[in-house]
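K.L.:
Given next are the chains, with one letter for each unit.
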Amino acid sequence: MTNLTDLTVADIRDGFRAGDFSAREVAEAFNANVAVAKALNAFIVETPEKALDAADAADRAKAAGEPLGALAGVPIGMKDLFCTQGVQTTAASHMLEGFVPTYESTVSGKLWAAGAGMLGKLNLDQFAMGSSNQTSYYGNVISPWRRKDGGNAALAPGGSSGGSSSAIAARLCPAATGTDTGGSIRQPAAFTGISGIKPTYGRCSRWGIVAFASSLDQAGPMARTVRDNAILLEVMSGFDPKDSTSLDLPVPQWEANLSSDLRGKTVGIPKEYRPDGLNSEIAALWDRGIEWLRDAGAKVVEVSLPHTQYALPTYYIIAPAEASSNLARYDGVRYGQRDLPDGAGLQDMYAATRAAGFGPEVKRRIMIGTYVLSAGFYDAYYTQAQKVRALIARDFEQAFEQCDLLLTPTAPSAAFALGEKQADPLAMYLNDVFTVPASLAGLPAMAVPGGLDAAGLPIGLQIIGKALDEQTVLNAGLAIEERAGFVARPNRWW
Amino acid sequence: MSIDLQTVKKIASLSRISVTEAEAEAMVPELNNILGWVEQLGEVDVTGVEPMTAVIPNHQRLRDDVVTDGNVREKVLANAPQAEHGFFAVPKVIE
Chain S
49 MTNLTDLTVA
59 DIRDGFRAGD
69 FSAREVAEAF
79 NANVAVAKAL
89 NAFIVETPEK
99 ALDAADAADR
109 AKAAGEPLGA
119 LAGVPIGMKD
129 LFCTQGVQTT
139 AASHMLEGFV
149 PTYESTVSGK
159 LWAAGAGMLG
169 KLNLDQFAMG
179 SSNQTSYYGN
189 VISPWRRKDG
199 GNAALAPGGS
209 SGGSSSAIAA
219 RLCPAATGTD
229 TGGSIRQPAA
239 FTGISGIKPT
249 YGRCSRWGIV
259 AFASSLDQAG
269 PMARTVRDNA
279 ILLEVMSGFD
289 PKDSTSLDLP
299 VPQWEANLSS
309 DLRGKTVGIP
319 KEYRPDGLNS
329 EIAALWDRGI
339 EWLRDAGAKV
349 VEVSLPHTQY
359 ALPTYYIIAP
369 AEASSNLARY
379 DGVRYGQRDL
389 PDGAGLQDMY
399 AATRAAGFGP
409 EVKRRIMIGT
419 YVLSAGFYDA
429 YYTQAQKVRA
439 LIARDFEQAF
449 EQCDLLLTPT
459 APSAAFALGE
469 KQADPLAMYL
479 NDVFTVPASL
489 AGLPAMAVPG
499 GLDAAGLPIG
509 LQIIGKALDE
519 QTVLNAGLAI
529 EERAGFVARP
539 NRWW
Chain L
335 MSIDLQTVKK
345 IASLSRISVT
355 EAEAEAMVPE
365 LNNILGWVEQ
375 LGEVDVTGVE
385 PMTAVIPNHQ
395 RLRDDVVTDG
405 NVREKVLANA
415 PQAEHGFFAV
425 PKVIE
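Chains as they are written, first to last, in this note's numbering: chain S, 49 to 542; chain L, 335 to 429.
Don't read these hints as lab results, they were simulated from the structure.
Take every hint as true, because none was put in to throw you off.
Pairs of lysine-lysine, DSS-like flavour, derived with a Cα cap of 30 Å:
#, chain 1, residue 1, chain 2, residue 2
1, L, LYS426, L, LYS343
2, S, LYS319, S, LYS469
3, S, LYS86, S, LYS469
4, S, LYS411, L, LYS343
5, S, LYS319, S, LYS347
6, S, LYS411, L, LYS344
7, S, LYS86, S, LYS411
8, S, LYS411, L, LYS426
9, S, LYS86, S, LYS196
10, S, LYS290, L, LYS409
11, S, LYS469, L, LYS343
12, L, LYS426, L, LYS344
13, L, LYS344, S, LYS469
14, S, LYS514, S, LYS290
So the derived label-pair ranges between C-beta atoms look like this:
#, chain 1, residue 1, chain 2, residue 2, range
15, L, THR402, S, THR50, 45 to 53 Å
16, S, ALA503, L, ASN405, 57 to 65 Å
17, S, ASP54, L, ASN405, 45 to 53 Å
18, L, GLU408, S, ASP101, 21 to 29 Å
19, L, ASP403, S, GLU339, 52 to 60 Å
20, S, ALA331, L, ARG397, 45 to 53 Å
21, L, ASP403, S, LEU326, 46 to 54 Å
The beta-carbon is built from N, C-alpha and C at its ideal position, and this holds for glycine as well.
Sequences are here, hints too, so could you generate the full structure?
P.N.:
Written out as structure tokens, the structure is:
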């Protein structure tokens, strides 16, 4: 019999409906994989009973001939940034340790309503701030991948959705939720040889997701195939009156309209994404990607995004500024941890609580954000960054007058070892150089695996589309997926 | 613009994060490094550019002014570190 944990979301959905296996068998198989993968530290909380409950409900509905949800019989992982009713939600922080939401986030609620079951809450960088999963209060997530040099160096699964990427690559779940503020879906997907899409800003409701930088935060799916991403994104998207930035638009039928025929489409190759010193294996994969899209019928043109070099510094003003405001809510009064030194007053309690509850990277970003928003510096930093952000968005608009989508690398390198790049926060920030610009412009962007580097580690390509044109992004992703033939998977050592 | 130890302590205080002397000292070069790097934005010509506030065109919606939620005091207080008599409890703030 097929190994159920090797199946894709589409395989599970269709096989369950066809009666090839029961939903309970699927849930049990994934629960078993989760239970023996502690070495990856991908989950903060495991919820095998939730996965079984959803599976049993799907099996009962099928037996009774009732209509089945789009994800009936499919167990998934939930990034621990989504509030889940009755299940601890921490954002990988000490601050929210023990926080058990009394409500469900809109996106997770939609997934459960469609029949999906929860395998557990996935580890991440603390408050989604990081690119390597080394800022979680609950320990580093380890990538299932290893370099083929015979060494056993523990590699970063990327971040911030590193629990999601590690768990999917290791077949602990067929798909998971992620969130992306500056690349937190795409970079971990690239590091682990899976796919993930950040939709247009406003497609997925932010209600019930622990906020990092509200003008940038977007939820999206992560899975092994483009089709699986389309299936999940359809369920996760849609208007929500509880999020004032939610787009009041119908959700397209992305899965039904998937097509890898790109005739009539023009792909732009932004020349600023090929800086001197770009990793030669990444550059070579990018060239192969261009050929794959040409082979799928697309025309290829060079385009210019002249403000690209300013995207990262813009992001590292705007994101910390918004974070300093969003994280002001952690005051030790309404939820989460409280640290009350003997004889302390209210102000002392705030300061002690926040000193104990936040990790170093979170504190660093709150303080940067506080500084750039403070009196006398607001215009020089924050207003200037908002203006440059407008120019970055305009670059994309002008490029899209000449093309329908952009193809770029996802990350500047394959996964690095845990511990590398830690001494210098700036070196870590540079990991997001290719993903941040699309975030600043609110555009849909997807990572797909393209191949392995010389060390045997996955490297990926990124597709950026016009606002609301997830379909073209997914279609180009499918064209690459079909031609790359990426079937590599990590050898099980955990 | 470079920041000194006093400024770091002031930012920490504004952020309501208590820091030790050693932590504040360690943060001086770290924050200067990051701020020095983002200052390159100053070289961008932004003449006539409006600051971006909404990334995707959208409109602010109004809804009917009616009660849609409420009467969930126990749920609101469920995660409070300290709740008393149906309220959030904090250290004494008035002498």
